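Take the given structure of chain X and dock chain L to it, following the hints.
Those protein sequences? They're chains X and L, same order as listed. The numbering of the first sequence is the numbering used here, which starts it at 29 and goes up by one. The numbering of the second sequence is the numbering used here, which starts it at 29 and goes up by one.
It should be emphasised that the hints constitute simulated quantities derived from the structure, not laboratory data. Hints may be right or wrong, so weigh each one.
Intra- or inter-copy, both count: the list cannot distinguish identical chains.
Derived lysine-lysine pairs resembling BS3-like cross-links, with alpha carbons at most 30 angstroms apart [what the hints assert, rightly or not]:
hint: 1; residue 1: LYS104; residue 2: LYS87
hint: 2; residue 1: LYS104; residue 2: LYS36
hint: 3; residue 1: LYS36; residue 2: LYS55
hint: 4; residue 1: LYS104; residue 2: LYS63
On a predicted model such as this, the values are computed, not experimentally measured, just so you know.
Each chain is listed here by its residues.
2 protein chains.
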Amino acid sequence: MVDLDQIKVLAWDIGGTVFNWRGTIEKELEEIQRKQGIELDIFKFASDWRYGMFDMLAKVRSEEIPRINADQIHRKVLDDVIDTSGTLSLSESERDDLNSVWHRLEAWDDAPAAIERLRERYTVIPLTVLSWSIGVDCSKFNGISWDGLISCEFLRQYKPDPGSYLHAAELLNVAPSEIMMCAAHTSDLMAARETGYRTAFVYREIEKARDISTNTFSEEPSVPLECFDVHGQDFVELTSKLLT
Amino acid sequence: MVDLDQIKVLAWDIGGTVFNWRGTIEKELEEIQRKQGIELDIFKFASDWRYGMFDMLAKVRSEEIPRINADQIHRKVLDDVIDTSGTLSLSESERDDLNSVWHRLEAWDDAPAAIERLRERYTVIPLTVLSWSIGVDCSKFNGISWDGLISCEFLRQYKPDPGSYLHAAELLNVAPSEIMMCAAHTSDLMAARETGYRTAFVYREIEKARDISTNTFSEEPSVPLECFDVHGQDFVELTSKLLT
Numbered sequence: 029m030v031d032l033d034q035i036k037v038l039a040w041d042i043g044g045t046v047f048n049w050r051g052t053i054e055k056e057l058e059e060i061q062r063k064q065g066i067e068l069d070i071f072k073f074a075s076d077w078r079y080g081m082f083d084m085l086a087k088v089r090s091e092e093i094p095r096i097n098a099d100q101i102h103r104k105v106l107d108d109v110i111d112t113s114g115t116l117s118l119s120e121s122e123r124d125d126l127n128s129v130w131h132r133l134e135a136w137d138d139a140p141a142a143i144e145r146l147r148e149r150y151t152v153i154p155l156t157v158l159s160w161s162i163g164v165d166c167s168k169f170n171g172i173s174w175d176g177l178i179s180c181e182f183l184r185q186y187k188p189d190p191g192s193y194l195h196a197a198e199l200l201n202v203a204p205s206e207i208m209m210c211a212a213h214t215s216d217l218m219a220a221r222e223t224g225y226r227t228a229f230v231y232r233e234i235e236k237a238r239d240i241s242t243n244t245f246s247e248e249p250s251v252p253l254e255c256f257d258v259h260g261q262d263f264v265e266l267t268s269k270l271l272t
Numbered sequence: 029m030v031d032l033d034q035i036k037v038l039a040w041d042i043g044g045t046v047f048n049w050r051g052t053i054e055k056e057l058e059e060i061q062r063k064q065g066i067e068l069d070i071f072k073f074a075s076d077w078r079y080g081m082f083d084m085l086a087k088v089r090s091e092e093i094p095r096i097n098a099d100q101i102h103r104k105v106l107d108d109v110i111d112t113s114g115t116l117s118l119s120e121s122e123r124d125d126l127n128s129v130w131h132r133l134e135a136w137d138d139a140p141a142a143i144e145r146l147r148e149r150y151t152v153i154p155l156t157v158l159s160w161s162i163g164v165d166c167s168k169f170n171g172i173s174w175d176g177l178i179s180c181e182f183l184r185q186y187k188p189d190p191g192s193y194l195h196a197a198e199l200l201n202v203a204p205s206e207i208m209m210c211a212a213h214t215s216d217l218m219a220a221r222e223t224g225y226r227t228a229f230v231y232r233e234i235e236k237a238r239d240i241s242t243n244t245f246s247e248e249p250s251v252p253l254e255c256f257d258v259h260g261q262d263f264v265e266l267t268s269k270l271l272t
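With the rest of the complex left out, here is chain X (with noise of 0.2 angstroms):
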């Protein structure tokens, strides 16, 4: 069992962790569809902007494009969503109005109190692929406050390389083993657990295990729960255990 006591920082994944990013693009995209009059594969067109992301992202991480950061390849991978779901149309002004939607992604209903509770007894702050104005963004839009907020946009690298969670330890002074990393995805948990770092591991139902290179999916957690040191079914769980 962890020891709580040697914990200082609680460091957040929040794109699907605390910002429910699929139920605020899918509203965004039925608002669209109706004004518009068309048919739109809603689910699809969401998870190809969100996988397409990612994707582009891996060519970032692998310095087979230029470093941008995820606004900008937000921006990109729209063109091509767009382009594939063959019956949207919007304006260039329209896309870069659309793509702002990643700055009002709505937060969990249990997250905000969470975040709150833990700050009394740690430092929280969120650590982020998202560009970091969208972590500004959305938690100002959520009336979340943190104590910091780091994003691999200035990191040495982006999540889930080691680098990123060695460097976001460096800056906030701490050792990695004194950083609690929390999120909803496995493949953050268990990279940062392998640069020292303690884990949690939150549920959130839209959440998937997904392996980049077949593009197929599994139910998270995809490793044993026994894997991170702590683990709740949501917030409300996850916060009691960590203020014992």
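Just chain L now, with coordinates in the frame of chain X:
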């Protein structure tokens, strides 16, 4: 007169402007002086430490020495200042402890409430040459929450070099003209203005303008108040003007 509706972000200097570095450092030194029963020129010690940091930072900025953050600079300068003082005897770990005082700087009394009020209308962040963890720790120590926290530690350049302000604007995803730099220091504000930022000056009793080349000091502000878009005698007056 600046149109405040055009301003999205207030970027705050924190060392000296939000946190009373001199008061905190001098109190810590008085305690050490009392315990050791020595004579120490506390005003000079605190000044040499603070301005020695800026002198070494100038060498980082000019690439005369490799890039190190404010914590590492503070620690190196502390050794010099202790040697110069002649009377203070501290072990390596005691020096590390004393160096950590920069993570416990006390906020000026009028700062926390002002920042909280300003967040209702603006995105409010620090933009500091201090290390990112100093910003996080001092804010948490004083119960101050921000919408995010930018340290030059991870920007292309350190203030007052232009790349610092421009990179911060990029991370914030806004134009420089949509940011207002808020500080008690003329040099910071005038440099920010050169890159397109708007400026707000706030008086702090202990802050003086320093000419680094001659090590001479003058009253702040060292330019006419009219050079700034907004100014206030204190945080209460400045906040009132920024929220009209």
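* So which of those numbered hints doesn't the model satisfy? -> none
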